[in-house]
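Going down the list, the protein sequences come from chains A and B.
Counted from 1, the first sequence has number 259 at position 259 by UniProt numbering; the numbering is strictly sequential.
Counted from 1, the second sequence has number 4 at position 4 by UniProt numbering; the numbering is strictly sequential.
Quick caveat, the hints were computed from the structure, so don't treat them as lab data.
Note that CB positions come from ideal geometry on N, CA and C, so glycine has one too.
Watch out, some of these pointers could steer you wrong.
Computed beta-carbon distance windows for the label pairs [stated by the list, open to error]: (1) B:Gly116 with A:Pro185: 36 to 46 Å; (2) B:Asp52 with A:Arg171: 23 to 33 Å; (3) A:Gly247 with B:Arg103: 41 to 51 Å.
Each chain is listed here by its residues.
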Amino acid sequence: MTGPRLGRAPAVLLVPAVVGVALLVVPLVTLVVATPWRTLPEHLGSQVVREALVITALSSLLTVVACVLLGTPLAWLLARVDFRGRRVVRALVLVPLVLPPVVAGVALVTALGRSGLIGQHLPFTLPYTTSGVVVAHTFVSLPFYVLAVEGALRTHGASYDVVAATLGADRWTAFRRVTLPLALPGVLAGSALAWARSLGEFGATITFAGNYPGTTQTMPSLIYVALNSDPTVARTLSLILLALSVGVLVLLRERWAVGR
Amino acid sequence: MRVEVDLRGRVCADVSAAAGEVLVVIGPNGAGKSTLLRAIAGLEPGRVRVGDDDWTDREVPRRRVGYVFQDQSLFPHLSALDNVAFGPRARGRSRREADAAARGWLERFGIPDLAGRKPRELSGGQAQRVAIARALATDPDVLLLDEPFTGLDVSAQMALRNELGEHLRDFAGVTLLVTHDAIDAATLADRVLVLDEGRVAQVGHPAEVAAEPRTPHVARLVGLNLVPGGDELIAFPPDAVTVSLTEPEGSSRLRWRGPVATLAPHGDAVRLLVHAAPDLLADLTPAAAAELGLVPGREVWLSAKATAVSRYGARG
């Protein structure tokens, strides 16, 4: 630091800051230290863990796909089309960001449950199926995705869309060949955010889809169960999720650092 | 072909142009030059007729215009070739046809070797050539250029201006080129369209407009003094003005009085701007300026010889 010397950082600011860092870091360090590394491969090999890993990987991947397919058009609509009630729609889309996940689960059960308002008319059942896990995950992840992509669409503005239109491109052509390629960094960042959110999803999933090994038991659900029976397994699994999350963070930091 | 534009209260123009004709649009800032182009392209709402077609309700992609924007507007993620091929492809040509057409355009502009470059790897002049090629590649009815030389250095401007002139000779549609530079009007225009406060103040051949300007803006562009006198306008060059400290003798009505605003060297002479009614320019020799002791703020008399001024009707 070679800035002007304005004096020492006052204790009244320094102490709370240090406490904050400690609160964030110490539990994670403890987790790493307390993990029984020697038995790690053995735990990873057990069937219940393998199943949970597969379901988590599968559902988070499908969640990202669902977010891209639904969220990209939604973000485009919010960023580019001036329709009545746009502000209301945006506000509604962002509600799940602040909604307690358990409430999201209850809402999903009420709407899509076997005897739910819509669910009773569906030819298939969602609750307690892997598809139900994906629906719950998409519900909580989509706002993150939409927010990231809408932001990316807005940074480039509509000026290139205008140029494309003067060259004879209809809106679909302009979207495919100009808008989307320019917003690609946002699509990647949004996908990473949605994936990370899906990876850790617990409340909405367990409420809506339950916790059945082999069909709906994801890593977080398994960790929750394991903590009551075998805390070592819980720690081991948590460590895996921690590693994945940090991986996402590193990935995003690089993306965003480039954007700046 | 006739082009009619009516944006309620903002810009109103009705121009007839022969096929292949280049109209250079000039006028002060805020006169509505860019708005006129944007309206024709459909980027501003307004009534527009081109030839026999009513474009008013036609969506932007359906209007057959080529638009060269003021800022560099090349798609940053596409190569020069793909930028030029974009229009033909969007209008339904196959990829192969569009690429071939784009290659042809890059060759005509003398930049076939830049086909694979991204816009950020092009100089300002190269990028503007690609932008003009892109606009022409869609085979438009109307080519719209909004200050295409702005932001280029002087030599690049000169080269591009000459080149553009050649390409416009081959272009079958009508060209509207907005500029604030008199040299564009002199070198590129078949006719000059002078806009003032959203209205067409004057249309004519460049030499005609330069000799008999009808707006103060054009007079300033071509370096003439313009004095309104009832139904007629009086124009005269700054070197036809005599400067004195006392009221000139004789009965000429061509005399004005006011404080000197600025003095600046102009070629071999000294050019005065005098806040008379209206503002007038006067050229005099440095020796004369020193002899008269001219400084900003000094009250002077200006007069012009009746033989040195041209008088013409205020309405064409």
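These are the hints, each one checked on the structure:
no. : hint                               : result
1   : B:Gly116 with A:Pro185: 36 to 46 Å : 23 Å, violated
2   : B:Asp52 with A:Arg171: 23 to 33 Å  : 28 Å, holds
3   : A:Gly247 with B:Arg103: 41 to 51 Å : 45 Å, holds
When the structure is compared with the earlier hints, a violation turns up for hint 1 alone.
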